[in-house]
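> Residue-level listing of the chains:
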Amino acid sequence: MLIIDALLQGLLIGLLFALVALGLTIIFGVMDIVNFAHGEFLMLGMYAVYWTNYFLNIDPLLALPVSAALGVILGLASYYLLISYLLRGPAIAQLFGTFGLMLFLQYLAMFLFSADYRMIERGFLVGKSISFGPFVFEATKLAAGVLSLISFAVVYYFLYKTKLGKALQATAINKEAATYMGIKTEKMNAIAWAIGGGTVGIAGGLLVNFYYAYPMVGILFVMIAFACVALGGFGSVKGVFFAGLLIGVLEMIFPVFGHLVGSDFLGPHFKFTVVYLAYFIIVVVRPQGLFGWKN
Amino acid sequence: MEKLKDAFDFSDFSRSERIGFIIFTIFLFIFPWLGVSSFAKTVMIQFMLFSLFGMGWNTIGGYGGQVELGKAQYVGIGAYTVALMMVWWKVPFWISMPIGVLIALGYSFIIGYPLFRLKGHYFAIATICTSLVLKDIFDNWALVGAAKGIELPIHDHPDFLYMQFKSDTYYYYFIMALFYIAIFYMNWFRKSKLGYQLRMIKDDEDAAESLGIDIRWCKIKAYSIASAFVAVGGGFMAVYNLYIDPASVMELSLSIKIALMAMLGGAASMWGPIIGAAFLVPLDRFLGSWLGGHKGLTGIDYMIYAMLIMIVSAYQPRGIWGIIEDLRKRGK
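As they're listed, the protein sequences go chains A and B. The opening residue of the first sequence carries number 377 in our numbering; numbering runs sequentially from there. The opening residue of the second sequence carries number 14 in our numbering; numbering runs sequentially from there.
No wet-lab data here; the hints were simulated from the structure. Beta carbons: idealized from backbone N, C-alpha and C, even for Gly. Be a bit skeptical, because a hint or two may be false.
Cβ-Cβ distance ranges computed for the label pairs, FRET-style [to be verified]:
(1) B:E164 / A:F487: 51 to 61 Å
(2) B:S261 / A:I657: 22 to 32 Å
(3) B:W154 / A:Y493: 24 to 34 Å
(4) A:D435 / B:S266: 20 to 30 Å
(5) B:D219 / A:Y556: 23 to 33 Å
(6) B:D219 / A:I506: 31 to 41 Å
(7) A:M557 / B:A160: 50 to 60 Å
(8) B:F197 / A:S490: 25 to 35 Å
25 Å max Cα-Cα, derived BS3-like pairs, lysine-lysine [said to hold, decoys possible]:
(9) A:K539 / A:K560
(10) A:K504 / A:K614
(11) A:K614 / B:K161
(12) A:K551 / A:K539
(13) B:K16 / B:K132
(14) A:K551 / B:K16
One-sided excerpt, in silico: chain B residues whose CB lies under 8 Å from chain A [stated by the list, open to error]:
(15) P127
(16) L131
(17) G133
(18) V146
(19) I226
(20) W230
(21) L265
(22) L296
(23) L300
(24) I313
(25) Y315
(26) Y318
(27) M323
Make the full structure from the sequences, and use the hints.
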């Protein structure tokens with residue numbers, strides 16, 4: 377029973393992980409850049425909803441467009457002000473550049489909002505729970521899972537069914553060939569960053585309903601997102617969805633497993649250690665991930 | 014003997030570089046006697062410590078071109094070995110430090126073997142992961158003090174065996190000795206066979222492979238050298254601070270700082286890591302003490318720091334040394 381419950385909880389949180397990792401994988405696919413600041417976009421998305429809720433007293437779920445918009449703006453701003461310059465340099469400079477952005481946003485948040493832990497207190501769903509038979513779910517987590525799934529589906533539809541999305545896919549598969557077909561790479565890059573920022577902004581808005589917002593929250597989730605992206609295969613959208621679910625389940629099941637075995641060493645402190653280890657093992661054993669096509 | 018000659022042979026540097034190096038050496042020697050404050054002395058010690066870290070990183074990260082972001086775990090291994098052996102068995106620093114280096118070497122081979130199947134982004138993230146796993150373990154391992162860390166026993170009298178002194182000046186000269194050993198080693202390293210092989214690998218892996226270079230083995234060797242350097246620094250940190258915890262010796266931000274200083278100064282150059290540390294350590298410390306004191310200004314120092322990183326990566330990925338070289342070329 378405990379295991380099935382953990383499985384369901386894991387799937388729910390996994391949907392959110394998938395949404396967090398989606399932007400990372402799209403950006404990686406289109407332009408071969410790893411965005412270390414992705415977790416900080418998430419963090420600012422969390423704050424956006426938190427403050428909207430705090431000052432305007434708007435329900436956190438209705439405030440989602442604010443965090444989505446902030447994410448899109450952040451994505452576009454980073455692309456035009458930083459990434460487009462970094463692209464000229466070597467790979468190491470790109471890594472450090474996004475690292476710099478990560479540090480900058482972390483300490484900007486520290487400066488603006490202080491290091492306090494903040495969580496939404498007022499909201500339609502906050503503190504409520506819904507039960508299905510023997511399984512009890514927190515309403516906020518359930519809403520986060522469902523809305524993550526919807527957001528993911530929308531982006532998926534955009535990528536695979538619309539002309540612009542297909543152009544984006546083409547750029548990811550072969551940049552040069554896409555240029556010959558008259559696709560403007562510059563524009564595609566910007567779109568990838570806008571989608572990446574927007575989706576992670578929404579994820580942040582959903583996350584803040586049941587998780588504390590603080591300036592350093594991003595690093596944890598960006599590592600989870602890296603594990604998802606690696607497991608799904610760098611650049612694969614389908615892969616990242618299943619990888620997100622898998623990592624979510626892994627993260628939830630592990631402490632339960634430890635509890636059942638009765639070992640303290642498998643306690644909940646280590647649930648994220650497992651994620652890091654998972655990343656390491658995945659990339660070493662199967663670098664292309666589950667559905668990867670980029671090597 | 015040949016090797017030793019190579020280490021002390023600076024003849025391929027320009028005249029101005031050699032003169033600068035000598036003046037710099039004299040300056041370091043007399044610095045503690047210039048009547049400086051103890052704060053300035055700690056900044057200098059930090060500077061030399063981070064130069065040591067940066068030079069170590071430079072072997073794999075600079076000459077080898079691998080983005081390595083997990084050096085903090087080896088600082089931790091070095092520091093914890095010294096601290097634990099001192100607390101548990103009263104082992105003197107001069108024995109425990111080499112043991113720490115050996116453990117770091119062994120560990121780096123074990124980790125390095127799977128790690129160097131990877132390249133580029135995959136590699137960079139994997140190095141972060143390995144470092145975080147080790148930190149998580151130390152954070153929760155009661156035997157080694159968990160997140161509380163461990164305090165080293167303080168002796169009543171200064172003790173050379175345990176590296177305990179009343180005045181920072183002794184530590185200053187000790188780290189300075191390590192710093193110069195590192196410089197001479199790097200001077201040898203860049204001219205060694207491995208040094209050339211690494212640069213070849215950095216430029217073109219396929220070409221290097223077709224010339225019969227065992228790429229993976231070369232990278233592992235360089236990675237282990239880097240780890241040994243860093244573990245020495247870690248051991249020093251333990252006896253200098255007399256207190257270590259996972260947050261101070263294994264944090265991700267330490268790994269990043271190490272790589273960053275080398276990269277900001279100029280990766281794959283002899284003076285790059287030193288210049289980077291000379292620039293960032295004082296900036297870090299002074300900004301921290303000026304701004305950190307004012308309430309409501311916390312974080313500004315790191316924002317300035319981060320801005321610098323972004324500007325350098327966007328405009329001059331070869332770092333400060335790259336700028337100097339460009340200016341020189343223009344001057345000619």
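> For each hint, tell me whether it holds in the structure or not.
Verification of the supplied hints:
Remark: the range hint 51 to 61 Å for B:E164 to A:F487 is contradicted by a beta-carbon distance near 33 Å. Between B:S261 and A:I657, the C-beta spacing of about 29 Å keeps the proposed range 22 to 32 Å intact. Our hint of 24 to 34 Å for B:W154 and A:Y493 holds, since their Cβ atoms are close to 26 Å apart. Roughly 37 Å separates the CB atoms of A:D435 and B:S266, a value that falls outside the hinted 20 to 30 Å.
Range check, B:D219 to A:Y556: about 26 Å between beta-carbon atoms, so the 23 to 33 Å window is met. Range check, B:D219 to A:I506: Cβ separation about 57 Å, and the 31 to 41 Å hint is violated. Checked against the hint of 50 to 60 Å, the pair A:M557 and B:A160 passes, with Cβ atoms roughly 55 Å apart. The beta-carbon spacing between B:F197 and A:S490, approximately 47 Å, falls outside the hinted interval of 25 to 35 Å.
Restraint check for A:K539 and A:K560: satisfied, since their Cα atoms lie roughly 13 Å apart, inside the 25 Å limit. Between A:K504 and A:K614 the alpha-carbon distance is near 32 Å, which puts this suggested pair outside the 25 Å criterion. With a C-alpha separation of about 43 Å, the suggested pairing of A:K614 with B:K161 is violated against the 25 Å cut-off. Annotation: proposed proximity of A:K551 to A:K539 holds, straight-line Cα distance about 16 Å (limit 25 Å).
Of the supplied pair hints, the one linking B:K16 and B:K132 is violated, its CA atoms being roughly 31 Å apart against a limit of 25 Å. About 48 Å separates the Cα atoms of A:K551 and B:K16, which puts this hinted pair outside 25 Å; it is violated. Residue-level restraint check for B:P127 holds (minimum Cβ-Cβ distance to chain A is 4 Å; threshold 8 Å). Because the smallest distance between the Cβ of B:L131 and any Cβ of chain A comes to about 6 Å, under 8 Å, the interface hint for this residue holds.
Because the closest C-beta pair between B:G133 and chain A is about 6 Å apart, less than 8 Å, the hint holds. A distance limit of 8 Å between C-beta atoms decides the matter here; for B:V146 the minimum to chain A is near 5 Å, and the interface restraint holds. About 21 Å separates the beta-carbon of B:I226 from the nearest beta-carbon of chain A, more than 8 Å, and the hint is not met. For the restraint placing B:W230 at the interface with chain A, the shortest Cβ-Cβ distance is roughly 17 Å, beyond the 8 Å limit, so the hint is violated.
With a cut of 8 Å, the hint placing B:L265 at the interface with chain A holds, because the nearest CB-to-CB distance is about 7 Å. The interface hint given for B:L296 is broken, as the beta carbon of that residue sits about 14 Å from the closest beta carbon of chain A, more than 8 Å. Using the Cβ-Cβ criterion of 8 Å, the hint placing B:L300 at the interface with chain A is not satisfied: the shortest such distance is roughly 12 Å. Interface hint at B:I313: satisfied, since its Cβ lies 6 Å from the closest Cβ of chain A, which is below the 8 Å cut-off.
Hint status for B:Y315 relative to chain A: holds, with the closest Cβ pair at about 4 Å, below 8 Å. With a least beta-carbon distance of about 7 Å to chain A, the hint placing B:Y318 at the interface is held under the 8 Å criterion. Taking 8 Å as the C-beta contact cut-off toward chain A, the hint placing B:M323 at the interface holds, the least distance being around 4 Å.
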